[in-house]
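Undergrad: Spelled out, the chains give:
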Amino acid sequence: MALELKMPALSPTMEEGTLARWLVKEGDTVKSGDILAEIETDKATMEFEAVDEGTIAKIVVPEGTDGVKVGAVIAVMDGEGEESAAPRESGENPAAEKAPHADASGDPEKHPNPADKQEPTPHQMETAARELVADVTRAGTKEAADPAIPEGTQYARQTVREALRDAMAEEMRRDERVFVMGEEVAQYQGAYKVTQGLLDEFGDQRIIDTPITEYGFAGIGTGAAMGGLKPVIEFMTFNFAMQAIDHIINSAAKTNYMSGGQMRCPIVFRGPNGAAARVAAQHSQNYAPWYASVPGLIVIAPYSAADAKGLLKAAIRSPDPVVFLENELLYGQSFDVPQLDDFVLPIGKARVVREGKDVTLVSYTIGVGVALDAAAKLAEEGIEAEVIDLRTLRPLDTGTVLKSLAKTNRMVVVEEGWPTCSIAAELCAVVMEQGFDDLDAPVLRVTDVDVPLPYAANLEKAALLKSSDVVAAAKKVCYR
Amino acid sequence: MARTSQPRAAKPASKAAAEPPAPNRERPAEPERFKASKDQLLEFYRQMLLIRRFEERAGQLYGLGLIGGFCHLYIGQEAVAVGVQSALTGGLDSVITGYRDHGHMLAYGIDPKVIMAELTGRAAGISKGKGGSMHMFSVEHGFYGGHGIVGAQVSLGTGLAFKHRYARDGGVCVAYFGDGAANQGQVYESFNMAELWKLPIVYVIENNGYAMGTAIGRSSAEDQLYRRGESFRIPGIQADGMDVLAARGAMEAALAWVRQGKGPVILELKTYRYRGHSMSDPAKYRTRDEVQEMREKRDPIEHAKQELLAMGVSEDALKKLEKDIRTQVAEAADFAEQSPEPDEAELYTNVLVESY
Numbered sequence: 001m002a003l004e005l006k007m008p009a010l011s012p013t014m015e016e017g018t019l020a021r022w023l024v025k026e027g028d029t030v031k032s033g034d035i036l037a038e039i040e041t042d043k044a045t046m047e048f049e050a051v052d053e054g055t056i057a058k059i060v061v062p063e064g065t066d067g068v069k070v071g072a073v074i075a076v077m078d079g080e081g082e083e084s085a086a087p088r089e090s091g092e093n094p095a096a097e098k099a100p101h102a103d104a105s106g107d108p109e110k111h112p113n114p115a116d117k118q119e120p121t122p123h124q125m126e127t128a129a130r131e132l133v134a135d136v137t138r139a140g141t142k143e144a145a146d147p148a149i150p151e152g153t154q155y156a157r158q159t160v161r162e163a164l165r166d167a168m169a170e171e172m173r174r175d176e177r178v179f180v181m182g183e184e185v186a187q188y189q190g191a192y193k194v195t196q197g198l199l200d201e202f203g204d205q206r207i208i209d210t211p212i213t214e215y216g217f218a219g220i221g222t223g224a225a226m227g228g229l230k231p232v233i234e235f236m237t238f239n240f241a242m243q244a245i246d247h248i249i250n251s252a253a254k255t256n257y258m259s260g261g262q263m264r265c266p267i268v269f270r271g272p273n274g275a276a277a278r279v280a281a282q283h284s285q286n287y288a289p290w291y292a293s294v295p296g297l298i299v300i301a302p303y304s305a306a307d308a309k310g311l312l313k314a315a316i317r318s319p320d321p322v323v324f325l326e327n328e329l330l331y332g333q334s335f336d337v338p339q340l341d342d343f344v345l346p347i348g349k350a351r352v353v354r355e356g357k358d359v360t361l362v363s364y365t366i367g368v369g370v371a372l373d374a375a376a377k378l379a380e381e382g383i384e385a386e387v388i389d390l391r392t393l394r395p396l397d398t399g400t401v402l403k404s405l406a407k408t409n410r411m412v413v414v415e416e417g418w419p420t421c422s423i424a425a426e427l428c429a430v431v432m433e434q435g436f437d438d439l440d441a442p443v444l445r446v447t448d449v450d451v452p453l454p455y456a457a458n459l460e461k462a463a464l465l466k467s468s469d470v471v472a473a474a475k476k477v478c479y480r
Numbered sequence: 001m002a003r004t005s006q007p008r009a010a011k012p013a014s015k016a017a018a019e020p021p022a023p024n025r026e027r028p029a030e031p032e033r034f035k036a037s038k039d040q041l042l043e044f045y046r047q048m049l050l051i052r053r054f055e056e057r058a059g060q061l062y063g064l065g066l067i068g069g070f071c072h073l074y075i076g077q078e079a080v081a082v083g084v085q086s087a088l089t090g091g092l093d094s095v096i097t098g099y100r101d102h103g104h105m106l107a108y109g110i111d112p113k114v115i116m117a118e119l120t121g122r123a124a125g126i127s128k129g130k131g132g133s134m135h136m137f138s139v140e141h142g143f144y145g146g147h148g149i150v151g152a153q154v155s156l157g158t159g160l161a162f163k164h165r166y167a168r169d170g171g172v173c174v175a176y177f178g179d180g181a182a183n184q185g186q187v188y189e190s191f192n193m194a195e196l197w198k199l200p201i202v203y204v205i206e207n208n209g210y211a212m213g214t215a216i217g218r219s220s221a222e223d224q225l226y227r228r229g230e231s232f233r234i235p236g237i238q239a240d241g242m243d244v245l246a247a248r249g250a251m252e253a254a255l256a257w258v259r260q261g262k263g264p265v266i267l268e269l270k271t272y273r274y275r276g277h278s279m280s281d282p283a284k285y286r287t288r289d290e291v292q293e294m295r296e297k298r299d300p301i302e303h304a305k306q307e308l309l310a311m312g313v314s315e316d317a318l319k320k321l322e323k324d325i326r327t328q329v330a331e332a333a334d335f336a337e338q339s340p341e342p343d344e345a346e347l348y349t350n351v352l353v354e355s356y
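Taken in sequence, the protein lines are chains A and B.
This note's numbering puts the first residue of the first sequence at 1, with every later residue one more than the last.
This note's numbering puts the first residue of the second sequence at 1, with every later residue one more than the last.
Hints listed in this document are in silico derivations from the structure and should not be mistaken for laboratory results.
Heads up, some of the hints might be wrong.
Said to hold, decoys possible - Here are the computed lysine to aspartate or glutamate pairs in the DMTMM-like style, where the Cα-Cα straight-line distance is at most 25 angstroms: (1) B:Lys198 / A:Asp204; (2) A:Lys349 / B:Glu56; (3) A:Lys466 / A:Glu384.
Looking at chain A on its own, in the form it has when it is part of the complex (with noise of 0.2 angstroms):
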C-alpha cells in the first residue's frame, strides 16, 4: 500500500512551509514516531514525524523547497500495514499532485476499497481571519507616501515580525538601560518569533525569560521603569495581559501625575492584540479602546511593518508609558520599510494612506487592510475613499481626521473589534463635537459583531470585520 506523506499544516495560520531538511532518504525503513524532516513555518522550525511503518518510496519535494503548500504531497511511502494489502492507485504519478487539496475529505472515488485508509489531506484550516490577511495583501502597497519619510529614501520589503525585532535590536543597541522581558522571548526566541536572534546578541541579561505570570513581571517591568530602566515587556498576547492590567494602568499609567512629575515610568508593553485564525473568545479580542481611555498611557497600533518599526522606536524613546498593540495575523505580512539608519515615527500622528474625494474611512491596525480592499472595491464603482491610518489611539490624531471629513463630509470607522464603547465610538462623539457641520451623512461603524468571538468556523466568519460591509456602509453614507 502507497502511502502518500502530505504537508502538515503545523500552525493556525500556515498556509505553505519550507522543507528545511530530509532525515531519511529513499529506500530507508521508517516506523511510527520516526521523525522524516524538519520543516520550516514562519514561526518556528518543526519535526515531521511518521505516523506508519514502511519503506520511503519516493521523495517528492527536495530538501530546501520554499513555499510549500499546506497538503502537497512531499513523499510517498510503502507501506507495510497488515489490514491491507491492495495496491493502491492513485500516488503512482505523486509529483503530478503538487497542488494542495482544496478539501480534506478528498475525492471518494479515488479511493474506492474502504479498507485502504487514506489519511485525510491536511488542509488550510478554515477561518475568516484569512479574508481579514488576504484584504492586507490584496491592498498591497498602493498606498500614499508617507510624508515623514524623506524623499528619494530606499524601501526594502520586511514582513512586520521583522521590523518590530528590528526596531528592539537598534534601540537596545543605542541605549543599555533598554531591556526586554517575556514569556518565551530569549531561548524560545519568542512565541511568535518577534524576538528571533535578540538572545544571541544581547545575552540573557537583556533578554530575560519570565515564568508564566503576567501579573508578577509586569510589575517588575513597571518598578524597574521607574528605577530609571525602559523595559520592552512582551505579553505573549494581550489577552493574558488582563491579569496584569493593574500595573499597566494603577502603576505605569498615573505614576507621573500622581507624583507631580517626579517619577516617571518609561516602560513599553507589547505583544498581539486582536483576533487571530479560530483560537475563540478568550484569546481573540482588541483591547484598544480599553487602553485608550485611561489618560497617562500611550496607546499604539500599528498596521504596517514600517509604521511597526518607526513607531515602537519612538515607543521605546518616550518617557512615557506605552502600550504597543500588534497584531498576531500581520506579523508575516511584508511591507515596505524605508531603509533609513534611525528610522523613528512621531508619536500620536494618523496618516492617510490612500487619499479620495468622496467618503472617509478610519480605520487603524488589521483594519486598514480591511479599508484599503474596501477602497478599491468602492473606486470600481466610482467611489474614491479616503483611507485614514490612526496608528496611534491615545493621542488619538481628531485633525487628520476632521481634516479629511471637512473635505469627503462623509465617514465610515472600520474596526476589528466590539462596536460597544470602541475607538469607533470615540470617533463618532469626536465628530459629533468638532466636525459636525461637515456632515453630509451619518458616520457609521463597521466591526466585529457584539459578541465573544465564537470557535466554529461559519460563526467566526459572521462575527468578524468583512471589507463587503464597509463597501456597503460608504455607499450608503454616499447614498448610493
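Following the hints, position chain B against chain A.
TA: Same frame as chain A, but now just chain B:
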C-alpha cells in the same frame, strides 16, 4: 523573639528533643538585637517620636476636615520603619511601600512640611497635591512610594531590585507590605522571580495582626508569615517590630544575606497599629483592652525612652527633644494649612512627560 525559619522536618524519635533540626540549606545568620550607641538610640527615638507626633497631628487635621479621602496612620508601628531604614545606605538603596507611608518618608528624613502639605492637598506638597496620603514619592531619597493597590508595591519593589542588579549598582530594595498584602497572588509571582534571579531585595512584612478588619488568623492559613517564602527557597526571619533595636538587628542579618548576592529575604516584623486601619475605621474587630495592653506594655517609643534613661540620658534632654518635635510638627501643620492649593492649570500637567 527573633528567629530564622527552619524546615519543620520530623525528628527521629531517638534524638534528643532539644537538638534543633539541621537546616537543609544555608540560612541567614540568627539576628541579634542591635547594640546602639547612646547617640544612635537617641536618633531612633527622635525619629519614632517625630512619626508619632506627626501622625497624631495628621489625625487631628483629618478630624478638622483639612485632610480628605483615606488617611492611614502609622501610630504603633514606628519602630519598623526606623529600625529597618536606619540600616540602609542613603543614595544607594531604595524603599517602596503601600499606602501607610507617612512613617517611612519621615524615617528617610523627608521634610515633614512637604508631607503634611501633601496630606492637605496643597501645591507645596511633595506630589504637588496631586497624590495625597497614599501616593507620595521622593526619587531623590530613593523612596518610590506610596502605592494604593494592596500588594502592587511587592512586584514594583522586585522591579527596583531588578534595576539594582541590572545596573550592578550594589543597591538593595526594601519592599514593605502588610499581613493583608501577604495573601495577594502577585506577591508569590514576585517571590518566585526574585529567588530565581537572586535579586537584591528584603521583603519586610509589617504584620500588625489585622488586614483592615480581618485578624490574621481569619485570613491566613499560614500565619507565621516569615515562612511564606519557603516554597520558593527564600529564607525568612521573624523579629519583634515593637522594638527598634530588634528590628534594626534583624534588618542587618537580612541585609548581610542580600548584599552577599544570595537573593531575597523575608523579614517579618510583628507589630501593632493603635489606630484604626484608616481614619474612617471604627475598629470594632478588636477590644479596647487589647489595644490598651499593647500601648502600655509594648510601646516602642516608651521602651526606647526607658532604655535611654538607663543609658544616662537626662529627663530634661528628652523633654527638650519632645518639645522640639512638637514645634517641628506644629510648623509642618501650619505650613500645610496655610499653603495655597495647586493652581487650577496643574489639573492638566504631568499626565504625560512629553507632548505628542
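Undergrad: Could you grab the alpha-carbon distance between lysine 198 of chain B and aspartate 204 of chain A and see if it respects the 25 angstroms cut-off?
TA: At roughly 14 angstroms apart (the allowed maximum being 25 angstroms), aspartate 204 of chain A and lysine 198 of chain B satisfy the hint.
Undergrad: Is the straight-line distance between the alpha-carbon of lysine 466 of chain A and that of glutamate 384 of chain A 25 angstroms or less?
TA: Measuring from Cα to Cα gives roughly 19 angstroms; hence the hint holds.
Undergrad: Are the Cα atoms of lysine 349 of chain A and glutamate 56 of chain B separated by 25 angstroms or less?
TA: Violated, because 52 angstroms separates the two Cα atoms, which is more than 25 angstroms.
Of the numbered hints given earlier, the model fails hint 2 alone.
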